[in-house]
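Kindly produce the complete structure, drawing on both the sequences and the hints.
Protein chains in written order, with my numbering: chain A, 1 to 584; chain B, 585 to 995.
Think of the hints as simulated: they come from the structure by calculation, not from any bench. A quick note: this is a predicted structure, and the numbers were derived from the prediction, not measured. All residues carry an ideal CB built from backbone N, CA and C; glycine is no exception. You can trust all of the hints, since none of them are fake.
Pairs of lysine-lysine, DSSO-like flavour, derived with a Cα cap of 30 Å:
1) B/Lys684 - A/Lys203
2) A/Lys478 - A/Lys420
3) A/Lys238 - B/Lys712
4) B/Lys709 - A/Lys151
5) A/Lys370 - B/Lys895
6) B/Lys704 - A/Lys239
7) B/Lys696 - A/Lys239
8) B/Lys926 - A/Lys416
9) A/Lys291 - A/Lys190
10) B/Lys709 - A/Lys207
11) A/Lys138 - B/Lys717
12) A/Lys513 - A/Lys370
13) A/Lys138 - B/Lys731
14) B/Lys684 - A/Lys245
15) B/Lys722 - A/Lys138
16) B/Lys892 - A/Lys375
17) B/Lys704 - A/Lys203
18) A/Lys238 - B/Lys684
19) B/Lys861 - A/Lys393
20) B/Lys696 - A/Lys238
21) B/Lys882 - B/Lys895
22) A/Lys246 - B/Lys696
Partial list, computed: chain B residues near chain A (C-beta under 7 Å):
23) Glu674
24) Leu675
25) Trp679
26) Leu681
27) Lys704
28) Ala901
29) Lys904
So the derived list for chain B, only partly shown, Cβ under 10 Å to chain A, looks like this:
30) Ala670
31) Ser683
32) Met699
33) Pro702
34) Ser871
35) Thr910
As a plain string of letters, each chain reads:
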Amino acid sequence: MAFCLSGVRSFPKLWKNKPFLGLDPGQASLCFFSPGYCAIRSQQRWFSLKTASSQNKKAVDLLIAKARSLKKGGKDYKKQVSPHYLFAAGAAKKRSRMTISQSNKDHALPKKCSNIQLPIKPLNSEEWDRLKEDFEGKANFEDWIISQMVKCHASIDVAKSLLAWVAAKNNGIVSYNLLIRYLHLCVTHKQTSEVIDVYEIMKSRYKRLESSGYSLLIRGLIHSDRWRDALTLLEDVKKIMIPSKKNYSDCIQGALLHQDVDLAWNLYQDLLGHDIIPMMETLKAFFDFGKDIKDEHYSNKLLDMLLYLRNNQLFPGESFVHSIKTWFESIPGKQWKGQFTTIQESGHCLGCGKSLESIHLTPEEYEFLKEQIMKDVIDGGNQYRKTTPQELKIFQTFVNSCPPFDIVIDGLNVGKMCPKACDSEVLLNVVSQLAKQNLHLLVLGRKHMLTNRSQWRESDMKMIQKQASCFFADNISKDDPFLLYAALNSGNHCKFITKDLLRDHKACLRDAKTQRLFTKWQQGHQLAIINSSLRSKITFQHILRYDTVVQTTGDSWHIPYDEDLVERYSYEVPTKWLCLQRKS
Amino acid sequence: MNVSITGLRPFARFLVSFTHQRRKINLYPIPQRYMCSKKPAVPYPNKENSSPPALLELDGWKTTMKSSLQEESVSTVSSKDEDTLAATRELIEMWRLISKEVPEHITEEELKSVMELPSKSAKRKYLKYLSIKERMKKAKQMKKEAKAVAREEAKQAKLLETTAEKEQNFLFLRLWDRNMNIAMDWKGAQAMQFGQPLVFDMAYDNCMNGKELRNTVSQLLESEGWNRRNVDPFHIYFCNLKIDSTYHRELVKCYKEKWDKLLITTTEKSYTDLFPKDSIVYLTADSPNVMTTFKHDKIYIIGSLVDKCMKPGLSLAKAKQLGLATQCLPLDKYLQWDMGTKNLTLDQMIRILLCLKNTGDWQEALKFVPKRKHSGYMEVSQYSREFVNRLKKKTFSSYPQNSLNVGTQKK
Chain A
1 MAFCLSGVRS FPKLWKNKPF LGLDPGQASL CFFSPGYCAI RSQQRWFSLK TASSQNKKAV
61 DLLIAKARSL KKGGKDYKKQ VSPHYLFAAG AAKKRSRMTI SQSNKDHALP KKCSNIQLPI
121 KPLNSEEWDR LKEDFEGKAN FEDWIISQMV KCHASIDVAK SLLAWVAAKN NGIVSYNLLI
181 RYLHLCVTHK QTSEVIDVYE IMKSRYKRLE SSGYSLLIRG LIHSDRWRDA LTLLEDVKKI
241 MIPSKKNYSD CIQGALLHQD VDLAWNLYQD LLGHDIIPMM ETLKAFFDFG KDIKDEHYSN
301 KLLDMLLYLR NNQLFPGESF VHSIKTWFES IPGKQWKGQF TTIQESGHCL GCGKSLESIH
361 LTPEEYEFLK EQIMKDVIDG GNQYRKTTPQ ELKIFQTFVN SCPPFDIVID GLNVGKMCPK
421 ACDSEVLLNV VSQLAKQNLH LLVLGRKHML TNRSQWRESD MKMIQKQASC FFADNISKDD
481 PFLLYAALNS GNHCKFITKD LLRDHKACLR DAKTQRLFTK WQQGHQLAII NSSLRSKITF
541 QHILRYDTVV QTTGDSWHIP YDEDLVERYS YEVPTKWLCL QRKS
Chain B
585 MNVSITGLRP FARFLVSFTH QRRKINLYPI PQRYMCSKKP AVPYPNKENS SPPALLELDG
645 WKTTMKSSLQ EESVSTVSSK DEDTLAATRE LIEMWRLISK EVPEHITEEE LKSVMELPSK
705 SAKRKYLKYL SIKERMKKAK QMKKEAKAVA REEAKQAKLL ETTAEKEQNF LFLRLWDRNM
765 NIAMDWKGAQ AMQFGQPLVF DMAYDNCMNG KELRNTVSQL LESEGWNRRN VDPFHIYFCN
825 LKIDSTYHRE LVKCYKEKWD KLLITTTEKS YTDLFPKDSI VYLTADSPNV MTTFKHDKIY
885 IIGSLVDKCM KPGLSLAKAK QLGLATQCLP LDKYLQWDMG TKNLTLDQMI RILLCLKNTG
945 DWQEALKFVP KRKHSGYMEV SQYSREFVNR LKKKTFSSYP QNSLNVGTQK K
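Here it is as structure tokens:
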């Protein structure tokens, strides 16, 4: 949405009293590109809509996507993006779109607070007085009007005239509240000299500020010659609380802007020391700056940064990945060559043909994960919550007495797949199709499946038990933990079938690292059935063979990245890659 | 920056705190000169195309704002530990200036606990809690004062009136409250001897944080109060209540000297030791079995647990561990549930149980379920229609006994 914002910022003072044109995409785009015709109210609407409703964001996305597809010669943009894969970026969005038909609800109109038109040029005190008389509302007039100005990015001259009027009324005193809003305006308009003035005022008037004041000052000051003051402000913030990642990001960018590389790295270390995950912009700034530096030490640190991305499973955004590419290509003598690609299903990069890291866990990781699942998900401090100790014991002896399974099936999840068909029939269908392939199956279920009922026919269940090993848990036990344990216990080749994304079990794991291991294992071993008709041959959503993570082989790098226009859920992984190769 | 704007308070504060400067400033002619709005000013360096506001002086206020420099920066020397304390205090003060929800007055201990909170959002939440508390207290105080004034006036008016008619014949002295208490105590004593036991399971104190525990205790207090006022009270048991646990301390703190005179049984023992296992029914919303009727020969157990941190299945696990029967209220059967958890508060539970005990009418009993959680009672016809629909889906012949379990099983 940076697009929309920058569009607005570029025409700060061209408001005229033209009526708004409506929200039809075509007309909206007209608003976009010919900003002169936008009325104030329409801009407010743009803002409120942008934040309030995803619907509108979607509309904008679609608009842009449409424009793109035109450029690409009418290809369907969305279809091109995501392959059939459970954890691909944007897949959840697509799924939800398939299930829920879009209803075109009207957007709630922004609350009309007052009939006051924001002034477009500075007013004198009589005019302000008059405006104040028109104002009706509970809030303080000065506070209200300046917050409206901040919302609409009014020009700072108008705000300044307001402050002058307030000061005149108040013996030269302007409240902190107003000053902060004014500072906000100055920072958004990048009026550095004004920022410095306000900084002086704040410094003289208040011994300490609060977090938003510090943040604004830091952001404003880094562009000026007095950028080092931003660092002292950062120190002040540290006295009261841990600075935000935005604070650090601003300071680092300021340091880089003024060529103080060591300071920037120190700040970066400091940031990591507080266990804050840095903003992508911060990392991007280092890469952008690195283009002009031909220094072994610096480039090593950048490579460390890429490893940091790898270890924390972070994915750069589109603009960041461009910076990475240009930085690599700017390294003299090594002749890196970068290209944006996708990965084949077999796990080979389309750009260079190399195969990527396997999705399978290492033996140590595998053991660790198994232990953690047992400890946190199944046991969880109180065995009675998910199951009972007796049942757990029975299950464990059962699993250990059987040879390793090839596929573990969540019977209830699979059975309930087709709402119209009989549950046991669906399950039997799946089991028999798999059994024909000579796979050793385990079907997990609950005891109530065995009582002969319309949904679970006894004859079907008998057939299932003939073709697969079965384990039926108590009706009030959770069956998913058993599924996980059975699959993990059988070894690396074993897959499991369920459509469940298992997020609640992932949440039971204690730290982020274990959760990432779990995600990785899940991505490599979960089979989700796509087709929902009973008779057809079952097909699975295809499993990734490769691990989606920043990876290197020394003379090549493969970096997955997020596209700007695809919304990725946290359990999904990007599908686009940057492939970097060394020529020499 | 979406700070809600409330009132003139920040302004007022400034007026108060800078009045001494105002006098000083007035001595100098500079501010007035600058404040004059019809002063020719410097042209704008940054905006060429702006409409010429040349007649307005816009930068004058800065001078006066800066002029207080010397007076402010006097007292800044302090030791390290006090420094952070003062910094936090000032942070709160500044937050108040931008209309964040923070308390006006804060004690030393509260300030320390603010400092110890790990994150900014935790600090904000705690401060908001403090400010709401403060506001409530203030509103209460105001109301109290207004009431006192009104009472005084009423007294005066009455004095004028009642001088005429002095002699009246009364049957009772005005001792209603005390009489009521005595009567309730009699009933309570009777319940201690012959009443149906109702157990509160207090074994959850290590599953709750301080806030939840305090909420639980206040709910317990309320439940006990509802029970006391009933025609036919339960004989309440607080089981698994460890002496000198936080629970015990909180309860004693709330009841004070009344604690030892309460007509309930408190014990460190478990209910399984006190009652036969097969007559115990553990009430929990997670139970697969639905309560159909209130049985007068059963011992119902309510887990005294406020669960705000999403730990589902705790009480069910407990019942499973001890091998007890469980039941849940038939909320879905009688109410059209809208939102909210099916976990009810302890006082709601006891009121429902009391009502069931006395009348046995579910409709009547379930009126204690908060109205916001449901949109009305299920009509009998509607429920039976759904029931028949469900039956239609199955073959009729082999229908199992506990039909109500079907809905709770996994879909």
